[in-house]
Amino acid sequence: LNAAPGRAPRQHVRFLPAPAGSDGGETGLVAARVPVLADHPLVRGPRFRRLKIGAGHRLDVKASGVFVLGIGHGNKLLTDLYNCHLTKVYTVGGLFGKATDDFSDTGKLVEKTTFDHITREKLERILAVIQGTNHKALLMHSNIDMKTQEAYELAVKGLIRPMGKSPPIITAIRCLQLTLPEFQLEIHCLHETQQYLRKIVHEIGLELKSSAVCTQVRRIRDGVFTLDDALLRTQWNLQSIQNAIWDCQLKVKTELEKTLG
Amino acid sequence: VSAAMWGALRGARRPPPALRRGLAKPAGPRSVRQLREAEEAAPVFQYAGKAAKRKDRVFVWGFSYSGALGVPSFVKPDVGWKKPRRIQATPYRLETAEKISSVACGYGFTLLSSNTTDIIKVWGMGLNKDSQLGFQRSIRDRTKGYEYVLEPSPIPLPLEKPQQTRVLQVSCGRAHSLILTDSEGVFTMGNNSYGQCGRKVVEDEAYSESHLIHQLKEFDSTVVQVVCGQDHSLFRTKKGAVYACGWGADGQTGLGHYNITSVPTKLRGDIAGVNIIQVSSYGDCCLAVSDEGDIFGWGNSEYLQLASVTETTQVNVPRHLPFKIGKIKEAACGGTGNIVLTEEGNVFVWGYGILGKGPNLIETAVPEMIPPSLFGWSDFNPDIRVAHVRCGLSQFAALTNRGELFVWGKNLRGCLGTGRMEDQYFPWRVTVPGEVVDVACGVDHMVSMVKSFT
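These protein sequence lines map, in sequence, to chains A and B. For the first sequence, UniProt numbering begins at 1 and goes up steadily by one. For the second sequence, UniProt numbering begins at 1 and goes up steadily by one.
Hint data in this document are derived by calculation from the structure and do not stem from the laboratory. C-beta atoms are modelled at their ideal positions from N, C-alpha and C, and glycine is treated no differently. Take these hints with a grain of salt, some might be off.
Dumping the calculated SDA-like pairs for lysine to any residue here, alpha-carbon to alpha-carbon at most 20 Å [claimed, not checked]:
id, chain 1, residue 1, chain 2, residue 2
1, A, K209, B, K55
2, A, K136, B, G358
3, B, K410, A, Q149
A partial selection of chain A residues facing chain B, derived with a Cβ cut-off under 7 Å [said to hold, decoys possible]:
id, residue
4, L109
5, H117
6, K122
7, A128
8, G132
9, Y152
10, A155
11, V156
The task is simple: from the sequences and hints, build the whole structure.
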């Protein structure tokens, strides 16, 4: 960033003594525009010494996926995005047959169980009930009086969301694939932590009269940012970052206007 | 070291070379190989086998002091720390001896029936002041009966072949109940002051502690469905005919007059010759669905239930209701509102009261559709459909094909089961730990039949 051509130094008008052309003694002054010495790069130093980088929603050490960062003035947009309370989408991979103390496959083993009785049908039933109870929690924590006509209209459109603090809520969950003992779920959620998702995997295992651990948590969407907008490790250079910021600007602006009015 | 020490002492006897007992070492972090071996050596527990069956359960909720919930400790606590629970606001599991196949909720009482060939097929609980649960002999005084039955108690039926006949369905009205069997007709018990039990009205009959259970067999073909209204009874036969008896002042018997009928008589009007596949009633209005998807109504129309065809408030002949909402699959009648389910899975409501479209819709004579997104339908779940609709006196219930139960309406004494005491103006999910198979709605309580998940 510092290597990029910076701002041209300010110019000001100074009255300089005229170059002594002929014999000296002439004390005339000539106005000339000269760059301000204070703006000289060697005086000022590098333009960027520190960058203010803020992080969006937290991502665990063991999880992976889209991680939103704001740079400089973009941090203000970060707080606005947080207040929008948009859903995040995760791909959660799990393994039946084991239960560990921290719900992931690297933890201390607590119990091993059989899992051959699990079918896709049973898993879908459990997921349907998880969705149902979380939908109810969504309506309850949204702090809207259920007796009003506008609450009814928002509920019909599916726009009721908690706009303040709330416990983690799963808005949608579905099974992408089930090949015993592994399975993969897609979870849309609000206000969650990755450990909460691992706990959900563990509880699904318990509900199916077996046990499950979580092998993979990957965030594929965070509000308006999807995997396509995310930069890979090899792309962490100035040009790609600048391009990414430029591409996402419009999306972020429209989303903020839509939600916060 | 110790050998040298010992050797240094003069004249000391050398002890035999002892086993070196060092101090116990701490466990230390186990290596990956040790962990893996420990994991593989761990025992595997089996909680459910491959052929594990899903269990059938019964859940109850609502007002408990009438005994209709069947949990005696809610009314009379058996242990010192328990307090009497007037209202059970969320579903509570009821332990039953057999698998229950049919449930009906009346006005303060409940009937559960199982289709077994055992001698005891029907259990009843709740109010018994008109012997709507048969004669329940009191333990304390063998000549008297109970007025309130707090636990599911067996109802003795006078069957000719008790170990072969099966009970197909039960139905409960305000103070009478009907039990349908597969080969021995319909048994009726309870209040008969309007002839709703299908027998002649006896003046000043004492209905309390009565042993009388009447049997009805004379119909044109086998009775397939029995429905109780508030003070009248409807019978649907296999040929598609509908019979009615009981009070008719609102025209709910549909026989063309406003008098009492004490013998089941066939209905005419617009349903003559039509093959009816479902009948429904709970208050004073009745609805019937034909196999072609048409709907017929008769009875009380003070709440605009039949206002689409007539201005009169009492309709005593079945009239066809020409709604253009699609082929109708199922209908349910409540006290003031009606609900139908079409073949596409859409739910329509009309009538008066809390209809389910917000607080602004209080009454309508024309059916209004409830948006499917309120039942969980969305782009993420496009397969969700409503499978059944049921009606209580001022509540509605809908069951989806995923086994979720949605209720709305007036929350009389906690009967909605949502956990809150407020009225619900749009469909709200009831959290039941299982897949709801069927639900029966009463005035202030509800009973559901649930299959466990795994």
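Right, here's what the structure says about each hint:
no., hint, in the structure
1, A:K209 to B:K55, "14 Å, holds"
2, A:K136 to B:G358, "17 Å, holds"
3, B:K410 to A:Q149, "16 Å, holds"
4, L109, "5 Å, holds"
5, H117, "5 Å, holds"
6, K122, "5 Å, holds"
7, A128, "5 Å, holds"
8, G132, "5 Å, holds"
9, Y152, "3 Å, holds"
10, A155, "6 Å, holds"
11, V156, "5 Å, holds"
Every hint from the earlier list agrees with this structure, and none is contradicted.
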